[in-house]
Amino acid sequence: MSRLLIKNGRLIEPSSGIDENRDVLIEDGRVAAIAPAIEAGDAEVLDAAGCIVAPGFIDIHVHLREPGIEHAETIETGARAAAAGGFTSVCCMPNTIPVNDSPTVTSFIVERARRSAIVNVFPIGAITKGSEGEQLAEIGAMKEAGIVAISDDGRPVMNSRVMRRALEYAASFGLTVIDHCEDLNLSMGGDIHEGIHSVRLGLRGIPGCSEDVMVARDIILSEATGAPIHIAHISTRNSIEMVRHARRLGIRVTSEVTPHHFALVDTDIHGYDSNFKMKPPLRAHIDKDAALEGIIDGVIDAIATDHAPHTGNMKMQEFERCPFGVTGLETAIGLTLEELVHPGKIDLKRMVELFTSGPARVIGLDRGKLSVGGPGDVTVLNTSRKWVFDVNQTQSKSKNSPFHGHSFRGGPLATIVAGKVVWQAPAGAPA
Amino acid sequence: MSSKSNAGKSLLGIEVLDRSEIEWILERGRRHKRKPGEAVKKLDTLRGKSIVNLFFEPSTRTKASFELAAKRLGADTISISGEGSSLSKGESLVDTLNTLAAMLPDTIVMRHSASGAPQFLSRYLSTPIINAGDGQHEHPTQALLDALTILDRRKSLENLRVAIIGDISHSRVARSNVHLLSKFGAEIVLCGPATMLPPALKQLAPGITLTHNIVEAVTDADVIMMLRVQLERQNVLNFPKNEYFQFYGLQLMHLERARPDAIVMHPGPINRGRELSSEVADSPRSVILNQVENGVAIRMAVLERVCGDA
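Those protein sequence lines, which keep their order, are chains U and D. Quick note on numbering: the working numbering labels position 166 of the first sequence as 160, and the sequence is numbered without any gaps. In short: position in the second sequence from 1, add 2, done, that's the working numbering.
Worth double-checking, as some hints may not be accurate.
Said to hold, decoys possible - Facing chain D, from chain U, some residues (calculated, C-beta under 7 Å):
#1 Gly189
#2 Ile190
#3 Gly196
#4 Leu197
#5 Tyr266
#6 Met310
#7 Glu312
#8 Phe313
#9 Glu314
No lab work stands behind these hints, which were simulated from the structure alone. From the three backbone atoms N, C-alpha and C, an ideal C-beta is built for every residue, glycine too.
Make the full structure from the sequences, and use the hints.
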């Protein structure tokens, strides 16, 4: 019987509201006890004195690139990057080659994850066949094979009739539809956020309204069908305001934000560095401020990284030719502490919520909490460890991060999946 | 990747230059102007220097102008254009440039259809780069030769009213001119339909106003700069082609609204009957050919600055 005792930590457990010193004992992958000062004889002990002990963090928006784009990332390397970022569970988007639009591909991902991933990997299925936006994918069969939500992330469903049917059909299976909101006609050809910076750099703009019109459509369709909709990587003030309004009306809309959207703005793009190129693009200050406000007041349910690995040669091109996307798993906690917790915008409990019970609730995943009998997934972090993110040391196969060389205060210290310590901060790192 | 020892001498754009650097180039360019009837003086300022002209986008006048400028200074030049180069064989831009840089040219003159291509390369290359036009971003030597052309007829750029008319949003010529004119205190009026005149342009530099009305733009103007209507970069939705001239083409009647000594400029190639009427193009107000002439002088000055030992 494997036993792990996490001692002396400050347990922050949002679903039960606990914020006190507690020991956590995990036996055979499940939580066996949560109590002050547990004595457990021969159990392996992890001393978490001075640290925060939280339910395992969940990232509901990552790209693991397998099958088909293994030179950029694999399920194995993506899972290692997740562990190094303090995540015990990730949900991977279906835009692989082939697209995860069938139970066969879903089963392949589940099986690869079982054999090679050190964290839990939950696949997200496509909404439509090939994510082409026309015919519904085998949503029910994919659910039986293991998907936890559906999305045509990156190739959003433009046809509102298809989207309506997808919402209705997915709801019959208890699945949430996650939408990457982008009107592809309005955003066509764009490279960065449309505004003074795109004008200055001579780059084509992706207007905020290309996101807003789709968020509006989705809210209206959710209201019409009664089905839940989740807005991925929300990035504009108007979109956040619409979600806020919709929720007041009782419409079942949720949203997530990425760390780069609350940490950076378009004017941070220097030297045509494509490690700052992603979709949605880095927006204006008013949008970033709205994201912070949404996190504080609860309109935003989750922080998700949209970890999108691309190989160096894909990103070493003329800006307009480079693909969209940045990696993000390993910097998410550090950025959240820096932008939200250290400045006092949110407390640690809210931060833990945004990485655990928040995302779990969005897709109805039975994770994100620590309770006796439940999964022994734990994230241990602190708010003081000084470290520098060196992209050359990343666990990901790709290095396209805008935060190379960035100094952080606080971050993950240990990642525990089913009672097993799968990652620990490098020993000897200055405390 | 190599060090960036010489890359600091690059000329990537006007926005990053300060007034004194611009004045140095203009003064130097003025000295390189030929007097009427004067024979070409071949100088040896850049003897022994090699310059690569790398044109990934078609160009006639800018390429010829850079080649002539280099030759007049005694430099060795080779010119490579996009078609037939290794780029069309799938080599990446960085690899192409690294290969050329390994042959140790003193300067690379580069035109590219992607905004920021020379800025991106300058982060990885030690060879200084002269930007001969990058996408919709900047065309610094055009703005310098335009300034020289204006200063042939005016004492200073300060308080001049300069109207720039046409597809501002897609124009690298407009951006570079705006930055230069603004640094010298000119009053800049940008004019075009809203599809080509994003409101954010007002924040590009101090001294800018925007208008959709060409009559308003040219009224009391000292300088009228027309931009080429760039169909190749044009989204078909930006304007109905057939009525463009009617509302934004420069005609003789507009010149009556401008200052009596106003000049008309155009970076070329001109489309008669599209952005300006033939009568305007051929009128004494037009300084379009002077611009071309000044182009060689300015590029000589720029090559000396970037590639010379000074």
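- Hints violated by the structure (numbers, ascending): When the structure is compared with the hints, none of them turns out to be violated.
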